[in-house]
Amino acid sequence: KAGVTQTPRYLIKTRGQQVTLSCSPISGHRSVSWYQQTPGQGLQFLFEYFSETQRNKGNFPGRFSGRQFSNSRSEMNVSTLELGDSALYLCASSYRDSSYEQYFGPGTRLTVT
Amino acid sequence: AQSVTQPDIHITVSEGASLELRCNYSYGATPYLFWYVQSPGQGLQLLLKYFSGDTLVQGIKGFEAEFKRSQSSFNLRKPSVHWSDAAEYFCAVVPTQGGSEKLVFGKGTKLTVNP
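These protein sequences, in sequence, are chains D and Z.
So that you can map any letter, position 3 of the first sequence is -8 in the numbering used here, and since no number is skipped, the others follow by simple counting.
Count along the second sequence from 1, add 5, and you get the number used in the numbering used here.
Worth flagging that the hints you see were computed from the coordinates, not collected in a lab.
Cβ atoms here follow ideal geometry from the backbone N, Cα and C, with glycine treated the same way.
There could be a bad hint or two in this list.
[Said to hold, decoys possible] Listed next, with one range per pair, are the computed distances between beta-carbon atoms: (1) Z/A22 to D/T(-4): 34 to 42 Å; (2) D/Q7 to Z/G46: 20 to 28 Å; (3) Z/G58 to D/T9: 41 to 49 Å; (4) Z/S105 to D/G29: 20 to 28 Å; (5) Z/A22 to D/G5: 46 to 54 Å; (6) D/A(-9) to Z/G46: 15 to 23 Å; (7) D/T3 to Z/E20: 41 to 49 Å; (8) Z/L61 to D/T(-6): 29 to 37 Å; (9) D/I1 to Z/S23: 38 to 46 Å; (10) Z/S105 to D/Y(-1): 28 to 36 Å; (11) D/F49 to Z/H87: 34 to 42 Å; (12) Z/F56 to D/T102: 40 to 48 Å.
[To be verified] Simulated coverage check for chain Z against chain D, where a stretch passes if three residues somewhere in it have a Cβ under 8 Å from a Cβ of chain D: (13) 45 to 55; (14) 105 to 113.
[Claimed, not checked] Here are the computed lysine-lysine pairs in the DSBU-like style, where the Cα-Cα straight-line distance is at most 30 Å: (15) D/K2 to Z/K112; (16) Z/K66 to Z/K112; (17) D/K46 to Z/K115; (18) Z/K73 to Z/K112; (19) Z/K73 to Z/K54; (20) D/K46 to Z/K54.
Turn these sequences into a full structure, and let the hints guide you.
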């Protein structure tokens, strides 16, 4: 079974631009969560989607948004990029059952210049 | 405040030596507990988890962890470290209240293995 895939793997953007990152979960998984990883703040939860509905949102500004499609694929969007948005963005998928096991993709490395 | 603490930012051990990585949590109710490993340039891989029951849990790659309620700790151990274990290790929790699968991570411990 294929793992979680994220595209693109690397991205360089300029301040003020917007960016869209994509995540394809493991087949059969209906829950997708996004995390931001930076050296200073560590791993922080962005949001969780299940069956196309946002179930939880972390403490991030409204510039960060996401959505989930009917095939469980998810995208996250960051508008008006700031230098501090440079990070590794990780996507995780799960069945959202009682196992609480989340499977992570390799991440998208975003650099904002 | 609710938090997960990994006191050691960086640990260096010799290959073949034993390893213990510390994790403490601060939650009103015992959360679900996890250890993840991240190799350079990679995502996170689940090593093991604890929900309830036997306080010593076995994971993949020869790792185990012990839950101690009295100390609010969930330390990760390995009897004999291999060079391939060099990576960053994250302790994480899912609070049992709230109906969320949101993982709350510690800051991580970077493990260096000397030959």
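The hints, checked one at a time:
1. For Z/A22 and D/T(-4), the Cβ-Cβ distance of about 40 Å falls inside the hinted range of 34 to 42 Å, so the restraint holds.
2. Hint check: D/Q7 to Z/G46, Cβ distance near 25 Å, so the stated range 20 to 28 Å holds.
3. Evaluation of the 41 to 49 Å hint for Z/G58 and D/T9 yields a pass: the beta carbon distance comes to about 43 Å.
4. A hinted range of 20 to 28 Å holds for the C-beta pair Z/S105 and D/G29, which are about 24 Å apart.
5. In this structure the hint that Z/A22 and D/G5 lie 46 to 54 Å apart at CB holds, the actual value being about 50 Å.
6. In this structure the hint that D/A(-9) and Z/G46 lie 15 to 23 Å apart at CB holds, the actual value being about 19 Å.
7. Between D/T3 and Z/E20 the CB atoms are about 45 Å apart, so this pair conforms to the stated range of 41 to 49 Å.
8. One distance hint, 29 to 37 Å for the beta-carbon pair Z/L61 and D/T(-6), holds here, with the actual separation near 35 Å.
9. Look at D/I1 against Z/S23: about 43 Å separates their beta carbons, and that is inside 38 to 46 Å.
10. At about 30 Å, the beta-carbon gap between Z/S105 and D/Y(-1) stays in the expected band of 28 to 36 Å.
11. Against the hinted window of 34 to 42 Å, the Cβ-Cβ separation of D/F49 and Z/H87 comes to about 38 Å, which satisfies the hint.
12. Against the hinted window of 40 to 48 Å, the Cβ-Cβ separation of Z/F56 and D/T102 comes to about 44 Å, which satisfies the hint.
13. Three residues within the 8 Å Cβ limit are the bar, and the region 45 to 55 of chain Z against chain D gives 7, so the coverage statement holds.
14. Taking a C-beta to C-beta cut-off of 8 Å, the region 105 to 113 of chain Z contributes 9 residues in contact with chain D, enough for the three needed, and the coverage statement holds.
15. In summary, the hint linking D/K2 to Z/K112 is supported, as the alpha carbons are separated by about 27 Å, within the 30 Å threshold.
16. Distance restraint check for Z/K66 and Z/K112: the Cα-Cα separation of roughly 22 Å lies within the 30 Å cut-off, and the hinted pair is therefore satisfied.
17. At roughly 28 Å between alpha-carbon atoms, D/K46 and Z/K115 fall within 30 Å of each other, so this suggested pair holds.
18. At most 30 Å may separate the alpha-carbon atoms for a hinted pair to count; Z/K73 and Z/K112 meet this at roughly 20 Å.
19. For a cut-off of 30 Å, the pair hint linking Z/K73 to Z/K54 stands: about 14 Å separates their Cα positions.
20. For the hint pairing D/K46 with Z/K54, the CA-to-CA distance comes to about 24 Å; that is within 30 Å, so the pair holds.
Of the numbered hints given earlier, the model fails none.
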